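Reconstruct the complex from the two isolated chains, following the hints.
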Amino acid sequence: MADNLLTLSGVHTLIGPYHILQGVDLVVPEGGVTVLLGRNGAGKTTTLRTIMGLWNASQGEIRFDDHLITGLDTPDISRRGIAYVPEDMGVFTDLTVAENMTLAAANAPIDQKRLGWIKALFPPIGTFWNASAGTLSGGQKQMLSVARAVIEPRRLILIDEPTKGLAPAIIKAMTDALRELKETDTTILLVEQNFAMASTIGDTVAVMDDGRIIHSGVMRELAEDDAMQEKLMGLSLEAHQ
Amino acid sequence: MSETAIKPRIEKVPLREQFFQKLPVLLVPMLALLGLMAIGNPASWLTLTVAGLAMGMMIFIMASGLTVVFGLMDVINFGHGAFVAVGAFVGFTVLAWLAGWTASPSVMLNLAAVLIAILAAMVVTGLLGYAFERVIVMPVYGEHLKQILVTMGGLIVAQQMIYVVWGPDELHLSRPEAFQGSIVLGEAAIEKYRLVAVAIGLALFLAMRHILKNTKVGLLVRAGVENGEMVEALGYRIRRLFLIVFMTGSALAGLGGVMWGLYQETITAHMGSEIMVLVFIVVIIGGLGSVEGCFIGALLVGLLANYTAFLAPKVALISTIALMVAILMWRPQGIYPVVKAK
Chain V
1 MADNLLTLSG VHTLIGPYHI LQGVDLVVPE GGVTVLLGRN GAGKTTTLRT IMGLWNASQG
61 EIRFDDHLIT GLDTPDISRR GIAYVPEDMG VFTDLTVAEN MTLAAANAPI DQKRLGWIKA
121 LFPPIGTFWN ASAGTLSGGQ KQMLSVARAV IEPRRLILID EPTKGLAPAI IKAMTDALRE
181 LKETDTTILL VEQNFAMAST IGDTVAVMDD GRIIHSGVMR ELAEDDAMQE KLMGLSLEAH
241 Q
Chain L
1 MSETAIKPRI EKVPLREQFF QKLPVLLVPM LALLGLMAIG NPASWLTLTV AGLAMGMMIF
61 IMASGLTVVF GLMDVINFGH GAFVAVGAFV GFTVLAWLAG WTASPSVMLN LAAVLIAILA
121 AMVVTGLLGY AFERVIVMPV YGEHLKQILV TMGGLIVAQQ MIYVVWGPDE LHLSRPEAFQ
181 GSIVLGEAAI EKYRLVAVAI GLALFLAMRH ILKNTKVGLL VRAGVENGEM VEALGYRIRR
241 LFLIVFMTGS ALAGLGGVMW GLYQETITAH MGSEIMVLVF IVVIIGGLGS VEGCFIGALL
301 VGLLANYTAF LAPKVALIST IALMVAILMW RPQGIYPVVK AK
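Order-wise, the sequence lines are chains V and L.
Going letter by letter, the first sequence gives residues 1 to 241 in UniProt numbering.
Going letter by letter, the second sequence gives residues 1 to 342 in UniProt numbering.
In isolation and in its complexed conformation, chain L is listed as follows (with noise of 0.2 angstroms):
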């Protein structure tokens, strides 16, 4: 083909355009700043807003897992909320086996046995997750109507399990010393543990963000989100690809639940189905398949139901509904839609 023949072009996006893309990144800071505002104690709002944050890093980190499933295979998985509460049972249950350690006023020991029980967390989850994927959803791709069902089934059974193997009653769950107390910035109090939260969700997205945009298999996720058909035609298996997506969702899953355990302090069989109305709503605020949308969403809902908790409490009852409202009232597709091709 010659040069002379096609003059290479490419469709510019005008600047306005542009900015009205990346004005989701502005959401947060926004809404702390609107936060600062209506509070007006600095203290207070700092206290709120880290709160908030540490609140959206964990919902984001229950929620990146279901995005990305609904993402790349159209599978809507009500049954989520089973890897949160088992996740939270497994590692409560490490952390009592390592009762003297959680107890210990050493950094590194405290942090030796959170790590130990989010690792036994996130293996028992994922292989929970495996089981799953080949029982229960695999035979039902493609219907979602059945979809439904068999994952509201699947949450069901898993809900009993855990009443089998952990009894009834809901359970209290210690953080370990270090991470007990706050810390004391000017006239502001800051819980240590919601510092962790933090700092664990903004690595995970990094790493995720790294993943998708830098590996190969972030690239096979992200195409086949798009268009699974045309990653198999380039001779790529994308159920494969899928399974390996839907336990690291499920091990994800899993951390969230030791983590929120941990922000709770008490779990019940059915802190996941309970926690899933938050991260469904942060899933469509986001945008279906999005992993930024899903941070976004996550961060925005966290800083919200801390700020209106403290100005409206019985506000912040339907705040997180409101707030879904509104952005699918401006994006009706969410914050990032993901382009299908199908």
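Extracted from the complex, chain V is given alone in its bound form (with noise of 0.2 angstroms):
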């Protein structure tokens, strides 16, 4: 793991009246799954849509591969190597598999080599490849949310919550399939509740509450430490298990 590819310092955001980040200091090493932790309402996917340029940043700058993004616009933030993988899943349900990946593919025509690594790594994208997106379960839904985002070679993928509301087996295959991709060039940032998945690949953690990161350093620690766990997250690691 080398240098920091994404840094914000001191970020505030607001939503209409609300002060949702209040001064966020978060350091995502290049390389690696750095997961970011906290209860529901702490601003996690605030602090992914304020990167994204979906939300604006009030105060504070951020910076990638040391280039300042802070105030640019959402398509040139993604241009430089971002992609994002919102809670939501953000598949265009009225569209096919293909045209789904075909949009994803935004500066080039679909690399078939990469196309193929791909439906190794989430088959349905093959086996559903002319299907209407809308017809998809919802963990499918979630493959494709995260093959869109990898069709292309990115630097750093955001990523909500891939885990919420799927079943059991689904959970180890996406897990699986992060952890491949964790062997690749991307770096990832990861919001997940799931700590039990969490720590498994995570290198990196930070723990937010309240719109502040709270706490990071290396998720083995955290994961090692119950007592930690408790006064961060007011949960031990064998609750979630």
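Possibly wrong hints are sitting among the right ones.
Straight-line Cα separation of at most 27 angstroms, DSS-like style, residue types lysine-lysine; simulated pairs [claimed, not checked]: (1) L:Lys22 / L:Lys216; (2) V:Lys119 / L:Lys213; (3) L:Lys216 / V:Lys119.
Examples of chain V residues toward chain L, derived with CB under 8 angstroms [unchecked claim]: (4) Leu54; (5) Ser78; (6) Arg79; (7) Tyr84; (8) Glu87; (9) Phe92; (10) Thr93; (11) Asp94; (12) Leu95; (13) Ala104.
Hints listed in this document are in silico derivations from the structure and should not be mistaken for laboratory results.
Because the structure is a prediction, the values reported are computed rather than measured.
Cβ atoms here follow ideal geometry from the backbone N, Cα and C, with glycine treated the same way.
Set out below in structure tokens:
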């Protein structure tokens, strides 16, 4: 793991009258998986949306690969090599799986070799290539959402709760896929409430509460320290298993 | 991910639900059949059906841009009628310049004159659409009440500009020689111009359908209607796409204005706002943002207006409103509701 790929310094985000992010300082090292943990309403999704420019930071700065991206439009941020998998998956249900993937390849026609790798990673993508995305199950839609994010080489993928509402077998499959993605050059910033799952693939971790980062460090250390988990999240690792 | 971990399975839509989804396509032939049973005389029915289809196609041309603009950016454009009126007046001016061609018995010269008039109207209304979007619509994205107010204001300004350029009186617009008169099929007389309107409307619908289904721009429009934010997150500039769609919708309204002007043979500065009542009914019936729903809705409105005008002229005054009420009671989101992610 080398230098920091993404750095948030004192980022504040306001949504209407609500002050959601209140000075977020977050570092995402290049390579591997950084997990962002925290209870509901802590500001995890807002952090990802602010990085993508979907909500504007009112203060502070966001640097990607040492370039300031605060205030850039979402398409400009995307074209710098950041992909986003939202909590609601963002799948275009009126389009087929093939059409979803075609749109995701924004910069060039789909690389067939890469598509083959994705189909091996997520078999339903190949099986339902010409089916309407609206007819897929929740797990299949989640796979399509992640597949779309990696159809072109990306430097950073922001993934918001990919296991939410999925059956255990699908969660295991998704975890395996993220583990394989981790072996590529892609860096992953993963928002996850499922600590048991996150602790198996995370390299570094940051914990949020009330719109701030209250802890950051190495995932292995947090996973082995029940007292720290109790203190930071009010729940022990065992409680999730 | 291993094959054993996940067994790919697709949720099959039950046959009954599939039939229910396809049902709206059958509404047009069902209405035509009902019309035949009510009218009794096949010749009168054929004349009225072609007239209804022609009227429906022209409304579709004017409404298609409006529905996509609403679907893509949630913009309610009450000023859309301005493009219809401006298109009609530009078309009138061009046809007046080419009076020699329109009076000629040559079908080719007649066609050329109409095509040049349509092209000029589309270019002018497309550019007007650019100015309208940049100056009037862009500052009020996401604010529906302000959109209604400023686009209504834009419509009034456009109407006053028509008074300044072409004067306050209604103008007579003659159809070219080749489009005048009727074709007699058995006992039925079918106006030639209505057949032209049906052909142009059908060609436009098929072209739009092809673009929306088979081109990347079409995919972006369909994706943007459903979830514009995600389209941006994939790296596409949705505002630029919206501007293109807005200009195209304005140009189509201009085309509709020329065709409606030739259909009525009279044009006024207020013709746009008058026809907008029907246009909005069609957009609502079809499902806000749905091109296919808009097409079916326009044909239903056109056919019903002509059948009721023949069978019960007093009922014709409320027939389109009654149709909208009936459709919305059946499908509150319109014939083909557009699923929006937000």
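Inset, instruction - Given the hint that Lys22 (chain L) pairs with Lys216 (chain L), test it: the Cα-Cα distance must not exceed 27 angstroms. - result: Holds, because 26 angstroms separates the two Cα atoms, which is no more than 27 angstroms.
Inset, instruction - Take the C-alpha atoms of Lys216 (chain L) and Lys119 (chain V), compute the straight-line distance between them, and say whether it is at most 27 angstroms. - result: holds, 22 angstroms
Inset, instruction - Using Cβ atoms only, decide whether Asp94 (chain V) comes closer than 8 angstroms to chain L, and label the hint accordingly. - result: holds, 5 angstroms
Legend entry - Restraint satisfaction for Tyr84 (chain V) [CB to CB of chain L, less than 8 angstroms]: holds, 5 angstroms
Inset, instruction - Under 8 angstroms, Cβ to Cβ, is where Glu87 (chain V) needs to be relative to chain L, so tell me if that hint holds or is violated. - result: With a minimum Cβ separation of about 12 angstroms from chain L (threshold 8 angstroms), the hint on Glu87 (chain V) is violated.
Legend entry - Hinted contact Ala104 (chain V) with chain L - closest CB pair below 8 angstroms: holds, 6 angstroms
Legend entry - Status of the hint placing Ser78 (chain V) at chain L (closest C-beta pair under 8 angstroms): holds, 4 angstroms
Inset, instruction - Compare the distance between the alpha carbons of Lys119 (chain V) and Lys213 (chain L) with 27 angstroms, and conclude whether the hinted pair is satisfied. - result: This hinted pair holds, its Cα atoms lying about 24 angstroms apart.
Inset, instruction - Mind checking the CB of Phe92 (chain V) against every CB in chain L and telling me if the closest is under 8 angstroms? - result: The hint holds - Phe92 (chain V) has a Cβ within 8 angstroms of chain L, the shortest such distance being about 4 angstroms.
Inset, instruction - Let me know if the C-beta of Leu54 (chain V) comes in closer than 8 angstroms to any C-beta of chain L, holds or violated. - result: holds, 6 angstroms
Legend entry - When the least beta-carbon distance from Arg79 (chain V) to chain L is tested against 8 angstroms, hint result: Nearest chain L Cβ about 5 angstroms off; hint holds.
Inset, instruction - Mind checking the CB of Thr93 (chain V) against every CB in chain L and telling me if the closest is under 8 angstroms? - result: The hint holds - Thr93 (chain V) has a Cβ within 8 angstroms of chain L, the shortest such distance being about 6 angstroms.
When each numbered hint is compared with the structure, a violation occurs for hint 8 only.
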